[in-house]
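Colleague: Now for the letters of each chain:
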Amino acid sequence: MLRCEAPVFRPRTLDEAFAMRAAMPDATVLAGGTDVMVYLEGGVLKPTRIIDLWGCPGMRELRFTTGGQVYGAGLTCTDVLRAMHSHPLLRDAAATVGATQIQNRATLGGNICNSSPAGDTLPVWLALRAEFELGCVRGFRRVPASGFWRGYKKIDMQPDELLVAIRVPALAGHMHFRKVGTRMAQSISKVVFAGRYSVGKEACLAFGAVGPTPMRCTAAEAALVSGASINEVVSLVEQEVLPIDDIRSTALYRRKVAGRIVRRWLDNLPRA
Amino acid sequence: MVIGTSPPRRDGMDKLTGRSLYSDDLRPDGVWYGATVRSTRAHARLRSVRRSEDFDWSNVVFVTAADIPGLNVVSLMTDDQPVLADGLVRHVTEPIALVAAPTRELALEAVRHVLVEYEDLPALFDPLVAEGHGVRIFGEDNVYKRIHIEHGTRTNTTAHLIRGRYTTGLQEQLYIEPQSMIAELRPDGGITLTGSMQCPYYIDRAVKRMLGHDRVNVAQAVTGGGFGGKEEYPSILACHASLLALAAGRPVKITYRRDEDLRATTKRHPAIIDLATLVSSDGRLLELHGRIWMDGGAYHTLSTVVLSRAILHVQGPYRCPYVDLEGTVVATNTPPNGAFRGFGAPQAQWAMERHMDRIARHVGMDPLALRRLNLVVDGDVTATGQTLRNPGGFAVLEAAERAATAPVKRKHVRPGVVGAEMREGRGVALAWHGCGFTGNGEAKIRGTVGLELRGNQVAVLSSSTDIGQGTETIFPMIVADTLGIPMSRVFNTAHDTGFVPDSGPTVASRTAMVVGGTCEKAAQRLLRALREAHGEGDFDTLAARAAAAGTPMRVNETYEVDASVQWNPDTYQGDAYPCYGWSCVIVDLRVDVDTGEIIYDRVVTATDVGKALSPVLAAGQIEGGTLQALGWATQEEVVLDAQGCMRNDRLTNYIIPTALDGPEMVTELVEIPYEGGPFGAKGIGEIPMDAPAAAVAQAIEAACGAVLDSLPMTPERVFAAMEAR
Ligand SMILES: Cc1cc2nc3c(=O)[nH]c(=O)nc-3n(C[C@H](O)[C@H](O)[C@H](O)COP(=O)(O)OP(=O)(O)OC[C@H]3O[C@@H](n4cnc5c(N)ncnc54)[C@H](O)[C@@H]3O)c2cc1C
Chain C
1 MLRCEAPVFR PRTLDEAFAM RAAMPDATVL AGGTDVMVYL EGGVLKPTRI IDLWGCPGMR
61 ELRFTTGGQV YGAGLTCTDV LRAMHSHPLL RDAAATVGAT QIQNRATLGG NICNSSPAGD
121 TLPVWLALRA EFELGCVRGF RRVPASGFWR GYKKIDMQPD ELLVAIRVPA LAGHMHFRKV
181 GTRMAQSISK VVFAGRYSVG KEACLAFGAV GPTPMRCTAA EAALVSGASI NEVVSLVEQE
241 VLPIDDIRST ALYRRKVAGR IVRRWLDNLP RA
Chain R
1 MVIGTSPPRR DGMDKLTGRS LYSDDLRPDG VWYGATVRST RAHARLRSVR RSEDFDWSNV
61 VFVTAADIPG LNVVSLMTDD QPVLADGLVR HVTEPIALVA APTRELALEA VRHVLVEYED
121 LPALFDPLVA EGHGVRIFGE DNVYKRIHIE HGTRTNTTAH LIRGRYTTGL QEQLYIEPQS
181 MIAELRPDGG ITLTGSMQCP YYIDRAVKRM LGHDRVNVAQ AVTGGGFGGK EEYPSILACH
241 ASLLALAAGR PVKITYRRDE DLRATTKRHP AIIDLATLVS SDGRLLELHG RIWMDGGAYH
301 TLSTVVLSRA ILHVQGPYRC PYVDLEGTVV ATNTPPNGAF RGFGAPQAQW AMERHMDRIA
361 RHVGMDPLAL RRLNLVVDGD VTATGQTLRN PGGFAVLEAA ERAATAPVKR KHVRPGVVGA
421 EMREGRGVAL AWHGCGFTGN GEAKIRGTVG LELRGNQVAV LSSSTDIGQG TETIFPMIVA
481 DTLGIPMSRV FNTAHDTGFV PDSGPTVASR TAMVVGGTCE KAAQRLLRAL REAHGEGDFD
541 TLAARAAAAG TPMRVNETYE VDASVQWNPD TYQGDAYPCY GWSCVIVDLR VDVDTGEIIY
601 DRVVTATDVG KALSPVLAAG QIEGGTLQAL GWATQEEVVL DAQGCMRNDR LTNYIIPTAL
661 DGPEMVTELV EIPYEGGPFG AKGIGEIPMD APAAAVAQAI EAACGAVLDS LPMTPERVFA
721 AMEAR
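Here the protein sequences line up with chains C and R, keeping their order. Under the working numbering, the first residue of the first sequence is numbered 1, with each subsequent residue one higher. Under the working numbering, the first residue of the second sequence is numbered 1, with each subsequent residue one higher.
It is possible that part of the hints are untrue.
Across the chosen pairs, the derived CB separations fall in these ranges [to be verified]:
| hint | chain 1 | residue 1 | chain 2 | residue 2 | range |
| --- | --- | --- | --- | --- | --- |
| 1 | R | D366 | C | I244 | 39 to 47 Å |
| 2 | C | R271 | R | V616 | 48 to 56 Å |
| 3 | R | D366 | C | I230 | 37 to 45 Å |
| 4 | R | V377 | C | I230 | 53 to 61 Å |
Covered stretches of chain R, as calculated for chain C (at least 3 residues, CB under 8 Å) [to be verified]:
| hint | stretch |
| --- | --- |
| 5 | 413 to 419 |
| 6 | 657 to 667 |
| 7 | 707 to 719 |
Keep in mind that the hints were calculated from the coordinates and are not lab data. In this text the structure is predicted, and so the values were computed from the model without any measurement. Think of the CB as a built atom: it goes at the ideal place given N, C-alpha and C, for glycine as much as any other residue.
Model the full assembly from the supplied sequences, consistent with the hints where possible.
Modeller: Right, here's the structure in full:
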């Protein structure tokens, strides 16, 4: 039985949310609650106050700009799957989160800010060169996904800030998502991958669950762009990832599977 | 006739609509909550156990071994397990002390303020090392039991010698409802226990011996699954809750959190099984030599019986003229292992089925052709010298093969996976399963059922609980058809030892077959008694006369063992089981060659059930058991730390199959009646656990050439086996 007596505050506008956040730096921010509830149940989180962003206006929209797409941080995985024009890589990732019940509550912002290295959307943001829009009473700023996760569960966000939206530029190229989890649903990743590759121009090989933060394999990316063989790229991937042994899998398995995923994707690409 | 149809289950609507009250839903007036102080060490002397001074104990009761009025023993088979550790702990999570408080939070807080000082002793974790080791856990040599069977005549022809080692790991029963028990004080100074359980009379006896008096009754609450995990373990909660209720002078409830339940309660025995066979060049088994080691954990629980079943099943459904088997179940400093669906038979048959595949490889035969060649037929003799009558191996094999000719309907689409390289494979395995207790078990138990006429209705009194398998539905069906009245007029009473007879524990695939059979006989007895008292007529007429006469009508019926069944427990020769069930499983799966992940597409099972009393309930047992077996095969792995404590103690990291992992299931019910069972029924609860894992291994081998002889076949292991090729 889960008991929590902390008072809950529900902002009616984004500005009100910023004001609450500034006034209550100790408060726990709750979006879908699918991570927060687990922490409460496990006793690792004892909130004094809760700011409930669920239903906060202005955070649950998908907008299109000339340069790309803007995802509200409050969009759920189900929202992403239902929207006509959500990004295919993001759809693939959203479809793997938990199962239907979790997808109905799990928000993009929650996945990003919870910053589990195994968060399934995180490599997608890296692969898509996304920018996170943070807001607070002091104003707005943008942080590139590549600079947001600073260390294990450390993020570039001030105590008074909230994640408002994610900006994704329009990019071309081959794209690929792959999750290797523990089962078909309710499965935490052992390895999760998002890749984007414009032949000869740009490559992004992004992984989750193989290091303390989601990460890119920059040496492998550079080799790929410069026309190195698939074998070389794969062996660089295997060297660059930083997996550990834990209760879910082994470092060796994760390292090899990371390489296999990249190999399979590149092997399957239509030859230029 | 309602037998052979599938009326809605009696408990179905209440469970579906959330009206059922499970143990943790019950809140007697003034109830307090109990919690357990557990060992953090695998093996240690307790220097001291005391309450920290920086905590307010005024509203908390605290109990240690010193507070036990009777025997400090969890009574079961051997008096080795204490209710609370007294000076020594032999495994991590062993209960040391208890607390109870008005709220669960306060109780848990109090547990954190009990200070235990340990003096560590060397601990043993590997059964092969523990056997005969100088560090003593049990008896002289850490051996709970050794069983040896030799039967038949040795061969004198030249033959292939084929050897292999097969291993299996721990598995958690994972009933949906965690362990829970409530103790309430009775006006006569006794105690009533209500909770989640399989075997009320096990608890009844354990609590009576611990209290040192007989003023105890035990009632089952609606129970959310057992799978063996609620066979013996609930006695511990019952003893604990009783001690706390006495100390607090009020009702006390103990409900384990999932993580505590996973860390502390029993698991399936891990096994190491060496098999060596002599095989003729055309593939006939000539000799089977088997050595089985099982890890019993730190206390005996039911280990010797688990070992017994393993030994008796390791030959599989195959003929072999000479068999030499030895099994040893060893004590280690890990939490005790205990009853789990299949009870040793799945481990043993995993080994034999894998060994059959090894033989097939060795002599260059198709694995199925090899099985056909050796499959038992009428008149074949088992390792215990039992002559098999009308065995169903070929019947289930043919039924499964027929069903498997249909194309696989459904191919799973994995979210987030495109362009993966998948290899398809099919595997076939066979199993047999002895129904009911081993040997003279039933003769010892003499399970009894009562029937009581209440107006024109009939109450069935038994201690056979419904743990999801359908007892509340099946017994009324059997009694109704025997009396010739509608099922709506027959019902099971509560399973309360205060007024039901002891019909034996709810285990060993015996409830429908043995106790159900006793229900049938009890109904016949009731009719006879009515006729004696009230003359001729159908049940309704007689019941009306009985009601008019105002005399109560109650009969008891005790299970009588067929005199032709002979068993010698010392030589392990004779009729090991009154009858056997048979099963064949055909698995279609795909292996992801990059990751070693397994996708199950279809599982065809054909199972000899004797008679499908309720086809829906029968199929439910088989499909649920099959999914549990698939989990054992490829997903479920208990990860232990250096003290032997389960690290993956959450449902997020102890991986069981979800509904989405389940394949298409084609479930063929084959009916070869057993004349000793009600309407011909055999036990079916456990057999679905036996064959699937081996079929999966064979299918993986067919798909990608990876040979796996250890369970679980996790993606990591499949991947490594593919690389090792
Ligand atoms: C059964 C189950 C299965 C799961 N399966 C998966 C899975 O397969 N893959 C996966 O990646 N995750 C999984 N998760 C984890 C979780 O569902 C996701 O991380 C989800 O995206 C979290 O979103 P939420 O809205 O529920 O976050 P919440 O729990 O509400 O919040 C998570 C964290 O983010 C912070 N936060 C939320 N929104 C904001 C914001 N706008 N600004 C600042 N901080 C914010 C919160 O304070 C909190 O620290 C699973 C969880 C459960 C319970």
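Colleague: If a hint holds in the structure, say so; if it doesn't, say that too.
Modeller: Results for each hint:
A C-beta distance of roughly 44 Å is found between R:D366 and C:I244, which places it inside the suggested range of 39 to 47 Å. Judged by the Cβ atoms, the range 48 to 56 Å given for C:R271 and R:V616 holds: they are separated by roughly 55 Å. Range check, R:D366 to C:I230: about 38 Å between beta-carbon atoms, so the 37 to 45 Å window is met. A C-beta distance of roughly 56 Å is found between R:V377 and C:I230, which places it inside the suggested range of 53 to 61 Å.
Beta-carbon proximity to chain C at under 8 Å applies to 6 residues in the stretch 413 to 419 of chain R; the threshold of 3 is reached and the given coverage holds. Under the rule that three or more residues need a Cβ within less than 8 Å of chain C, the assignment of the stretch 657 to 667 of chain R holds, with 5 such residues. Residues of the stretch 707 to 719 of chain R lying with their CB closer than 8 Å to a CB of chain C number 3, which satisfies the three-residue condition for coverage.
Consistency note: the structure conflicts with none of the earlier hints.
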